[in-house]
Amino acid sequence: MTDQAVDPDGVRLPRDAAPEGRFLGRTRELKELRADIERAGLDTLSGRKAPRARVLLIAGRPGSGRSALAEELVRQVADRYPDGVLRTRLSEPDGTRVPVGRAARELLDALETPAPAGAPEDELTEALRTALAERRTVLLLDDAADAEQVDALLPDNPDCLAVTVSSGPLTGIADVRPCTLGGLDTKSGVELLSRFTGSVRITVDPRAAERLAEQCQGQPAALVLAGGWLAARPKAAVADLAKQLHTDTGQGAAVGRVVRLVHDSLPATAARTLRLLSLAPEGLADPHTAAALAGCSVEAARATLDDLAAHGLLHAVRSSHPQYRVPCCLHPLLDDLARTHERPAELQLARARMLERTVRLLQSCRAITETDSPQAREKLLGMPSALRFPSPRAAADWLRLRRPALLAAARLAVADGELDTLARRLMSQLVRALVAHFGTQAAASDLYDIHGLVLDVAERRGLPRERAAALLNLGDLDAHTGRTAEALARYRAALDAGREANDPYATGRAMESVGGAYLELGDYDRAADWFGRALTERLARGERPEAARLYGRIGAAHTYAGRYGEALRNWRAAVAGHRRCGDLAAQARALNELARVQEYAGRFDESLRTCREAVEWAGRAEDTRLQAALHLRLADSFEHLGDPASAALHRGTAERMLAEEAPEDDSEAEHGDNACEIRSVSAED
Numbered sequence: 001m002t003d004q005a006v007d008p009d010g011v012r013l014p015r016d017a018a019p020e021g022r023f024l025g026r027t028r029e030l031k032e033l034r035a036d037i038e039r040a041g042l043d044t045l046s047g048r049k050a051p052r053a054r055v056l057l058i059a060g061r062p063g064s065g066r067s068a069l070a071e072e073l074v075r076q077v078a079d080r081y082p083d084g085v086l087r088t089r090l091s092e093p094d095g096t097r098v099p100v101g102r103a104a105r106e107l108l109d110a111l112e113t114p115a116p117a118g119a120p121e122d123e124l125t126e127a128l129r130t131a132l133a134e135r136r137t138v139l140l141l142d143d144a145a146d147a148e149q150v151d152a153l154l155p156d157n158p159d160c161l162a163v164t165v166s167s168g169p170l171t172g173i174a175d176v177r178p179c180t181l182g183g184l185d186t187k188s189g190v191e192l193l194s195r196f197t198g199s200v201r202i203t204v205d206p207r208a209a210e211r212l213a214e215q216c217q218g219q220p221a222a223l224v225l226a227g228g229w230l231a232a233r234p235k236a237a238v239a240d241l242a243k244q245l246h247t248d249t250g251q252g253a254a255v256g257r258v259v260r261l262v263h264d265s266l267p268a269t270a271a272r273t274l275r276l277l278s279l280a281p282e283g284l285a286d287p288h289t290a291a292a293l294a295g296c297s298v299e300a301a302r303a304t305l306d307d308l309a310a311h312g313l314l315h316a317v318r319s320s321h322p323q324y325r326v327p328c329c330l331h332p333l334l335d336d337l338a339r340t341h342e343r344p345a346e347l348q349l350a351r352a353r354m355l356e357r358t359v360r361l362l363q364s365c366r367a368i369t370e371t372d373s374p375q376a377r378e379k380l381l382g383m384p385s386a387l388r389f390p391s392p393r394a395a396a397d398w399l400r401l402r403r404p405a406l407l408a409a410a411r412l413a414v415a416d417g418e419l420d421t422l423a424r425r426l427m428s429q430l431v432r433a434l435v436a437h438f439g440t441q442a443a444a445s446d447l448y449d450i451h452g453l454v455l456d457v458a459e460r461r462g463l464p465r466e467r468a469a470a471l472l473n474l475g476d477l478d479a480h481t482g483r484t485a486e487a488l489a490r491y492r493a494a495l496d497a498g499r500e501a502n503d504p505y506a507t508g509r510a511m512e513s514v515g516g517a518y519l520e521l522g523d524y525d526r527a528a529d530w531f532g533r534a535l536t537e538r539l540a541r542g543e544r545p546e547a548a549r550l551y552g553r554i555g556a557a558h559t560y561a562g563r564y565g566e567a568l569r570n571w572r573a574a575v576a577g578h579r580r581c582g583d584l585a586a587q588a589r590a591l592n593e594l595a596r597v598q599e600y601a602g603r604f605d606e607s608l609r610t611c612r613e614a615v616e617w618a619g620r621a622e623d624t625r626l627q628a629a630l631h632l633r634l635a636d637s638f639e640h641l642g643d644p645a646s647a648a649l650h651r652g653t654a655e656r657m658l659a660e661e662a663p664e665d666d667s668e669a670e671h672g673d674n675a676c677e678i679r680s681v682s683a684e685d
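Under our numbering, the letters of the sequence shown match residues 1 to 685, in that order.
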């Protein structure tokens, strides 16, 4: 399905069904809306410059074609706004209000304007207004739940335009005249039907076509579904469908009656798949989602999805991976059908199958990035071929495309307030896949949301271990974005939760993180104290590598405080600890820091000897970059001592080493720095 003709809230027609054009009817409404852009507002009439973007409101019931009209209006005026069109939905498929902060972040992402992970709503909306201050942009705010949502996202720039779609008026936003939609006129309704049926069946019985359009109340969604039903039955007369709708004694809007008729006429397997798609997160379904929900093969699910799209029941999303969207106007109707025809236990089982399939796809998505690991290769080859990705790029494309649905699946997994094994695995694998493909920095906002979900549920259910892990991860993300005070508060709360859960890992990590936060805040005494507490915990458990690293952190705190004697003692302890553990590279780095402190303390001869020793150990560890850095330190020391010849010799050696060393993969280095973060999320995985 490619070029589209009509979009009544997401229900679209294939190109073959729309040879006459992309959009049908609504000529008067389009004319009024375009005129409203130029209309003088209240500020202009009073002699003041308009302080904000002009807001156009298209109001109507779901299925009235309101989103299609908004898209057509935007298409017609887009050339006036050279900085492009930004789109976001302000309601979930089930009608749940989308938080303003999430919508603002989506718009900022579309503008490629970074915003700190975990930033509050006010900061995000202010960043959005700043980003749009000097642009001429159209904002398409679809399915707005209330005026507060729209008001928070409006740019303070009269050169921008906001086209808003809603079910009713937006009371509270000044100078907005709604364009309220009813049904299409009978002529346009019949023409829409003819795009599915062809002109012959309409010409044979024009009265029946008019009667059918009237029975559909001119609602584009109902007309599209009726047209899809007729297109799938080339031998059926228009009068046959009109008669069936006439005999339907059910209550409700025309869209609901046509949906029930189409559903009841589908094969049993297709009908069940259709109603179970109401469980698809974010209303987005791919063949894997449909197969898991219905309990069938991926190939059978793909064929069923194509058939449902041909009926106008789904909207095919253009992408490298097949994906379909459930029209928002159909979601509550399909949900009612699912509750009517399926037992609660069957719905619960279908949801569990879908989440389990999602977990396995995320495992495959991550595993394909770890081809250097024999264990990962073996695990990947052990998966069914339908779950494997052909390449890391294909896996990344799938992850990027399915990101909204995956985040919605995470929200769904904890919606009941439980953190069972499946929910834990989903959270863990989603975090790992995002980090593996995009890195912690690029995925920080999504990671923040996921850890926030875990924290909410852990606090509601009284789960201290999960609460500690979530707080540690959120604290790390706060620290990475410069919110050190907030990070410190989270680390202290994580320490309390870790002690409550009697979790030595969480307790030790929280103590060290508290020390790191104080170090960042410049409170070196408290930093050294908390590092010392963490060191005591590590020594008591015999964790020598971690203890050696903590000696170094204590030494760094004393170095910053100017207490070089204490710093030297702790760095020597760090060197000895790494030597006992056989970590040559860590030993060389600790010697490097020891030489630095000796230089600060004025012990230049000792610093030179220590630095030469560090070069030797870095060579044994085959750490070329560290060797080069140490040669540069030696060069600086010799220059300070007035020996330019030796300085030049060491500087030349460093430059030669760096030239011969291939650049490291920055993404791999970044991923490696976050093993602690992933481990805390997936402690039971």
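I should point out that these hints are in silico values taken from the structure, not numbers from a laboratory.
Heads up, the beta-carbon is just placed ideally off N, CA and C, and yes, glycines get one too.
Mixed in with the good hints there might be a few duds.
[Claimed, not checked] In silico DSSO-like links for lysine-lysine, alpha-carbon gap of 27 Å or less: (1) LYS187 to LYS243; (2) LYS31 to LYS243; (3) LYS235 to LYS187.
[Said to hold, decoys possible] Ranges of calculated distance between the beta carbons of each label pair, as one might list FRET restraints: (4) ALA485 to GLY84: 18 to 24 Å; (5) ASP264 to ARG499: 57 to 63 Å; (6) LEU658 to GLU606: 39 to 45 Å; (7) ARG97 to GLU356: 41 to 47 Å.
Here is what the structure says about each hint:
1. LYS187 to LYS243: holds (20 Å)
2. LYS31 to LYS243: violated (36 Å)
3. LYS235 to LYS187: Holds. LYS235 to LYS187 sits at ~23 Å (cutoff 27 Å).
4. ALA485 to GLY84: 18 to 24 Å: violated (37 Å)
5. ASP264 to ARG499: 57 to 63 Å: Once the Cβ atoms are compared, 59 Å apart, the range 57 to 63 Å for ARG499 and ASP264 holds.
6. LEU658 to GLU606: 39 to 45 Å: Since the Cβ atoms of LEU658 and GLU606 sit about 27 Å apart, the hinted range of 39 to 45 Å is violated.
7. ARG97 to GLU356: 41 to 47 Å: violated (29 Å)
When the structure is compared with the earlier hints, violations turn up for hints 2, 4, 6 and 7 and for no others.
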